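Produce the entire structure from the sequences given, and follow the hints as far as they go.
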Amino acid sequence: MKTRILWAVVCVGTCMTGCGGGSTAPEAKKETPAAAAAPAPVADAGSITGKASFTGEKPKPRTISMDATPACAKTHSGPIYAEDVIIAADGSMKNVFVWIKSGLAARDYPVPSEVVKLDQKGCIYTPHVVGVMVNQTIEIYNSDDTNHNIHPMPRLNREWNESQPPKGEVKVKKFDKEEVPPILFKCNVHPWMRAWVGVVSHPYFAVTGDDGAFELKDVPPGDYVLGAWHERYGAMELNVKVAPKQTVASNFTFKAQ
Numbered sequence: 001m002k003t004r005i006l007w008a009v010v011c012v013g014t015c016m017t018g019c020g021g022g023s024t025a026p027e028a029k030k031e032t033p034a035a036a037a038a039p040a041p042v043a044d045a046g047s048i049t050g051k052a053s054f055t056g057e058k059p060k061p062r063t064i065s066m067d068a069t070p071a072c073a074k075t076h077s078g079p080i081y082a083e084d085v086i087i088a089a090d091g092s093m094k095n096v097f098v099w100i101k102s103g104l105a106a107r108d109y110p111v112p113s114e115v116v117k118l119d120q121k122g123c124i125y126t127p128h129v130v131g132v133m134v135n136q137t138i139e140i141y142n143s144d145d146t147n148h149n150i151h152p153m154p155r156l157n158r159e160w161n162e163s164q165p166p167k168g169e170v171k172v173k174k175f176d177k178e179e180v181p182p183i184l185f186k187c188n189v190h191p192w193m194r195a196w197v198g199v200v201s202h203p204y205f206a207v208t209g210d211d212g213a214f215e216l217k218d219v220p221p222g223d224y225v226l227g228a229w230h231e232r233y234g235a236m237e238l239n240v241k242v243a244p245k246q247t248v249a250s251n252f253t254f255k256a257q
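Residue numbers (the working numbering): 1 to 257.
It is possible that some hints are incorrect.
What the hints assert, rightly or not - Subject to a maximum C-alpha distance of 27 Å in a straight line, what follows is the list of computed DSS-like cross-link-like pairs (lysine-lysine):
id, residue 1, residue 2
1, Lys51, Lys94
2, Lys241, Lys58
3, Lys174, Lys121
4, Lys174, Lys117
5, Lys186, Lys241
6, Lys255, Lys174
7, Lys241, Lys174
8, Lys241, Lys94
9, Lys167, Lys101
10, Lys101, Lys60
11, Lys186, Lys117
12, Lys60, Lys94
13, Lys94, Lys217
14, Lys117, Lys177
15, Lys58, Lys171
16, Lys171, Lys51
17, Lys186, Lys74
18, Lys174, Lys74
19, Lys101, Lys174
20, Lys117, Lys51
21, Lys217, Lys245
22, Lys101, Lys177
23, Lys255, Lys94
24, Lys121, Lys60
25, Lys117, Lys171
26, Lys74, Lys117
27, Lys117, Lys173
No lab work stands behind these hints: they were computed from the structure. Given the structure is predicted, the values throughout are model-derived calculations rather than measurements.
Structure follows, in structure tokens:
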């Protein structure tokens, strides 16, 4: 009888261990989730280059007064100009957001590990226009000696409104939906502070610099609608065909209204 009882105890203990109730059985090896793989290079990829220009009578630069906030005014030694329109002597336009609007095949693109930084320096958002991919990390800094209030005004993403003290903790944000035209960022404390963040589901976007130029690299061969957006002069479109290993020139010309 004792032998039978002992055998039953051993059997029960073994069954409990097999169901995870015991602690002596070796733990099953856990599988580590694989990191998202970068898409394979597109065979025969091309590129789209171009320039954004302005024609007609150029608007006069608009000055900003920061006298109401001495902490802001003291960071500037001369006149402060708004960045809503920046046009070079040759007509080149800065801060034009360019992106492939349609034509790309359905495909999942890995979110870049690169962090996009938006700073508040001299009571001005820097950069004035920037692009990110969906769910890419944005770090927002306050380099000033005064309080700021960060208030993006999206149409599709979640709106939020947060205060950031002088040289305060960095705000880390993401947007989970594509949104172009870009999202307006403003500061409720300083009404002249404005920035724009374009959110795209793919990596084919750019913002023009002082020379008005842009380049979209590694574009798969195909027919596309290329979009360009400017905060004052609106949006434009061009049909673009990218042949294998071809660089296509596509220029946008904005006109005085």
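Verification of the hints:
1. Lys51 to Lys94: holds, 10 Å
2. Lys241 to Lys58: violated, 32 Å
3. Lys174 to Lys121: Since the Cα atoms of lysine 174 and lysine 121 sit roughly 21 Å apart, the hinted pair holds (cutoff 27 Å).
4. Lys174 to Lys117: Roughly 12 Å separates the two Cα atoms, so the pair holds.
5. Lys186 to Lys241: Given that 27 Å is the threshold and the Cα spacing comes to 37 Å, the pair is violated.
6. Lys255 to Lys174: violated, 34 Å
7. Lys241 to Lys174: violated, 32 Å
8. Lys241 to Lys94: holds, 25 Å
9. Lys167 to Lys101: The given pair, whose Cα atoms are some 37 Å apart, is violated under the 27 Å limit.
10. Lys101 to Lys60: violated, 31 Å
11. Lys186 to Lys117: With a Cα-Cα distance of about 16 Å, the restraint between lysine 186 and lysine 117 holds, given a limit of 27 Å.
12. Lys60 to Lys94: holds, 15 Å
13. Lys94 to Lys217: holds, 20 Å
14. Lys117 to Lys177: holds, 19 Å
15. Lys58 to Lys171: Violated, because 37 Å separates the two Cα atoms, which is more than 27 Å.
16. Lys171 to Lys51: violated, 33 Å
17. Lys186 to Lys74: holds, 21 Å
18. Lys174 to Lys74: violated, 33 Å
19. Lys101 to Lys174: The hint holds at about 21 Å.
20. Lys117 to Lys51: holds, 25 Å
21. Lys217 to Lys245: Roughly 11 Å separates the two Cα atoms, so the pair holds.
22. Lys101 to Lys177: holds, 15 Å
23. Lys255 to Lys94: Holds. Lysine 255 to lysine 94 sits at ~14 Å (cutoff 27 Å).
24. Lys121 to Lys60: holds, 24 Å
25. Lys117 to Lys171: The given pair, whose Cα atoms are some 10 Å apart, holds under the 27 Å limit.
26. Lys74 to Lys117: holds, 24 Å
27. Lys117 to Lys173: The given pair, whose Cα atoms are some 10 Å apart, holds under the 27 Å limit.
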